[in-house]
Amino acid sequence: MDKWIAAFGGRQRLLQLLALAVLLMVILPLTLDIFRLNLVGKYLTYAFVAVGLVLCWGYGGILSLGQGVFFGIGGYCMAMFLKLEASSPENTAIQSTPGIPDFMDWNQITELPLGWIPFHSLTLTILLIMTVPALFAFLIGAAMFKRRVGGVYFAIITQAIASIATILIIGQQGYTGGINGITDLRTLLGWDIRPDSAKYLLYFLCCILLIACLLVGQFVLNSRYGKLLIAMRDQEDRVRFSGYDVANIKIFVFALAGVFSALGGAMFALQVGFMSPSFVGTVASIEMVIFCAVGGRLSLIGAVYGALLVNLAKTLLSESFPQLWIVFMGALFIGVVLLFPQGLAGIYEDYVRPQVAKLFSRKSNAESQGDKAVAQEAR
Amino acid sequence: MTSPILLAIEDLTVSFDGFKAVDGLNLYVERNEVRVVIGPNGAGKTTLLDLICGKTKASAGSIKFKDTELTRLVEHDIVKAGVGRKFQTPSIYENLTVRENLELSYPKGRNVFGSLFFKVTDEVNARVLAVAEDIFLSDRLDTSAGLLSHGQKQWLEIGMLLIQDPELLMLDEPVAGMSVSEREATAELLGRISQNRSVIVIEHDMDFVKDIAHRVTVLHQGRLLAEGKMDEVQANEKVIEVYLGH
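First to last, the protein sequences are chains A and B.
Residue 1 is where the first sequence starts when you use the UniProt record's numbering, and the numbers rise one by one after that.
Residue 1 is where the second sequence starts when you use the UniProt record's numbering, and the numbers rise one by one after that.
None of these hints come from the bench; they were simulated from the model.
A couple of the hints might just be wrong.
Cut-off 20 Å, straight-line C-alpha distance, at most; resulting in silico cross-link-like pairs (EDC-like, lysine to aspartate or glutamate) [claimed, not checked]:
#, chain 1, residue 1, chain 2, residue 2
1, B, K57, A, E236
2, B, K80, A, D33
3, B, K55, A, D234
4, B, K57, B, D67
5, B, K57, A, D237
6, B, K57, A, D234
7, B, K55, B, E10
8, B, K55, B, D23
9, B, K66, B, D165
10, B, K108, B, E75
11, B, K55, A, E236
12, B, K57, B, D77
13, B, K229, B, E241
14, B, K108, A, D33
15, B, K108, A, D245
16, A, K146, B, D77
17, B, K238, B, E227
18, A, K3, B, D122
19, B, K55, A, D237
20, B, K229, B, D207
21, B, K80, A, D237
22, B, K80, A, D245
23, B, K66, B, E30
24, A, K199, A, D33
25, B, K55, A, E85
26, B, K80, B, E94
27, B, K108, A, E236
28, B, K80, B, D165
29, A, K146, B, E123
The following block holds chain B by itself, in its conformation from the complex:
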């Protein structure tokens, strides 16, 4: 019997020279859940993702992913454990083609000699094509990634994570800077990719949050302010005061 909890964060604290960006946070994410984290600037949302993926080391507390304690792992081992993270500004390899971007993200041949003698097999190819289809880029496979539009770059980075098939996917503002139609496509994409994995999304766009969120967590000054369904959170007095009100 597997536990319904995929990610358990307990008493998580990180302090930068005394300033606590995340302060005694408890957060539980279930399997197949789409969790959206909202909150005003400086609430510690991005820091939270940094802590989970190992970019920032926690000062105290625990992050348990399935049975693995992530705070003790280095970044690439956290990825191998099944956690994928998309950055706020699209981080893609602009000098490579879309196909190469996806191929490089395919989770094989990740050490030096494995990559020197890596062969693009039919299996890899099929996976690249399938993911490209998912992220609406199948006709741009041989385009240099630097030539994509901003929205397409965001999709490409999501695709680079999808090809690794992570159990936990973390997206930092995936629709920032997207047009309305791109936003709708992204919401649809998120719905599809969250079928058999958990997703944590940081987002400011409330309409988008309403579209995708199963549950919403509100952070404020590094602490948990509220948590629950979107309409519960929206009705919460404290949340209106610090975040939604203005």
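Only chain A is shown next, with the shape it has when bound in the complex:
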């Protein structure tokens, strides 16, 4: 038992994770109406991306400004499956070619494109949601990291890839639904995803998946590989000249972050009921980095809070000041990076935890000493 606790980040970390689970799966569902809860669910899908960025950027030092691409891969895979199900010949009888998605019909496509065929099967779809981003990340990673492209150059290239992906999706309207995206998603294996009861269930599914990702992340960070990420971020040459193939280490973390993002994207399509290129492009990708930075780029759990709080602020502020939001977002990013480089998690460790520890110190001295060791380790 102790061995497992240690492998997933120690008692303190798991308690923080439990607190997050209680907040997401007990407190929020009890206090919010389904409209708000569904919004939280949408924000949580961004948290998948932010959690991936903690591993990739925070620990591995690889800043990707194109995580929207992976979010998009997951989202589009899921949306394609749902769209095919919604486009049964009966539902689309009025089209000139019944049985294909409506937007294809509008674009004079008369046959389902080859790339869409696997998405008739849910099993294949789920498989593709996990493997396509991993494979794509592997290709980008192999092309970049084996050639020692890193740092700012890598960030710029990923940004360009996000931009290319958007252009491609919008340009290939007949195959992708263009700028409108894939809309009007209805059922999952005959189960209607639109009523409130379904939204509740999907919200819980999203929470469970996110917590599973957090556990995987904790496991990775606590392994030798996790230490290696930190080492590589700080002294890449020393790692290389200690006999490690640095490129492979980078490819793996980049692919893992990609798969996390794709899971988020798939949950997005399910909960929100559509997928569009605006969640793939450069702006979306940079927003993901901001969620991660605000939450604290060295804290997996912090990234979840970052995604939730920034999006909450976005919802509140953009309702009253739609023009100012983007400026505020930029200012927030600069402010956090300059003043609180460890984000919310850093503020918690520095200001909140000592207070909490003081409260509990009378209870058990031995315990808080253990906590301190963990806190130092977290640094």
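Assemble the complex: chain A is given as a structure, and chain B must be docked to it using the hints.
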């Protein structure tokens, strides 16, 4: 019968945009030898180490380590062949503890999945403790490496190489910035660790060189200027002129 030569460098040349940092160099290092490479700034000493460990690719020539041609290998394969290299400025993982620094350098679990499921066994632990003892850091195992003194950082990096048990150890200015007592401790450490391996050291500190060197190689403008025992080299007219004289 194994050859007494561990490392054979022949006609090694590297040119950066026409400038030859190392120019037609021949150098042979024997087993269990401590070789010190000296020379004025820009003589190509660090470049020589870069070439051996694969950081810089040779333009021409050969570097043979035992029976392996190193010029064709990538860096991590050169390490696996048994060559360890310490950098001039201490390169350690400052955000990790001394113990973690050493554990990460332990030569197992070096691929992605090996490292994900790597277990710190008793064997690893024993090795970490033994090396920590060697490098005078056994009481600092759980200290963050960033908090060590400059000299301790140098030792830690040497320890990170020792734990890999390389047959050839290359040290770029290991005592730079060390106090006198640290320097003496390092000389003693080098004496101990060179028992069953060859060591190439770049150093400017002549007293330290005298303490440790079996043989000395003097480089000048990428070429070999002189080679031999310390007193022979010190008496060499050319060496005095370009290096020792001032």
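Need the status of pair B:K108, A:E236: alpha-carbon distance at most 20 Å?
holds (18 Å)
Holds or violated: A:K146 and B:D77, Cα atoms, limit 20 Å.
Given pair A:K146, B:D77 holds - Cα atoms ~15 Å apart, limit 20 Å.
Just to be careful, I want the Cα atoms of B:K80 and A:D33 compared with a cutoff of 20 Å; is the pair within it?
Between B:K80 and A:D33 the Cα gap is close to 60 Å, so the pair fails against 20 Å, i.e. violated.
So if I understand the rule, the pair passes when the alpha-carbon distance is 20 Å or less; does A:K3 with B:D122 pass?
This hinted pair holds, its Cα atoms lying about 15 Å apart.
Satisfaction of hint between A:D33 and A:K199, Cα-Cα up to 20 Å
holds (11 Å)
Proposed proximity, A:D234 with B:K55 (alpha carbon, max 20 Å):
At roughly 18 Å apart (the allowed maximum being 20 Å), A:D234 and B:K55 satisfy the hint.
With the threshold set at 20 Å, check whether the alpha-carbon distance from B:K80 to A:D245 stays at or below it.
Holds, because 11 Å separates the two Cα atoms, which is no more than 20 Å.
Can the restraint linking B:K229 and B:E241 be considered satisfied, given a maximum Cα separation of 20 Å?
holds (18 Å)
Taking 20 Å as the top limit, are the C-alpha atoms of B:K108 and B:E75 close enough?
holds (17 Å)
Checking one constraint from the list: CA of B:K57 to CA of A:E236, max 20 Å. Satisfied?
holds (18 Å)
Measure nothing beyond the straight line between the CA atoms of B:K66 and B:E30; if it is 20 Å or shorter, mark the hint as holding.
holds (10 Å)
Can the restraint linking B:K57 and A:D237 be considered satisfied, given a maximum Cα separation of 20 Å?
Distance of about 15 Å is within 20 Å: holds.
When each numbered hint is compared with the structure, violations occur for hints 2, 6, 14, 25, 26 and 29.
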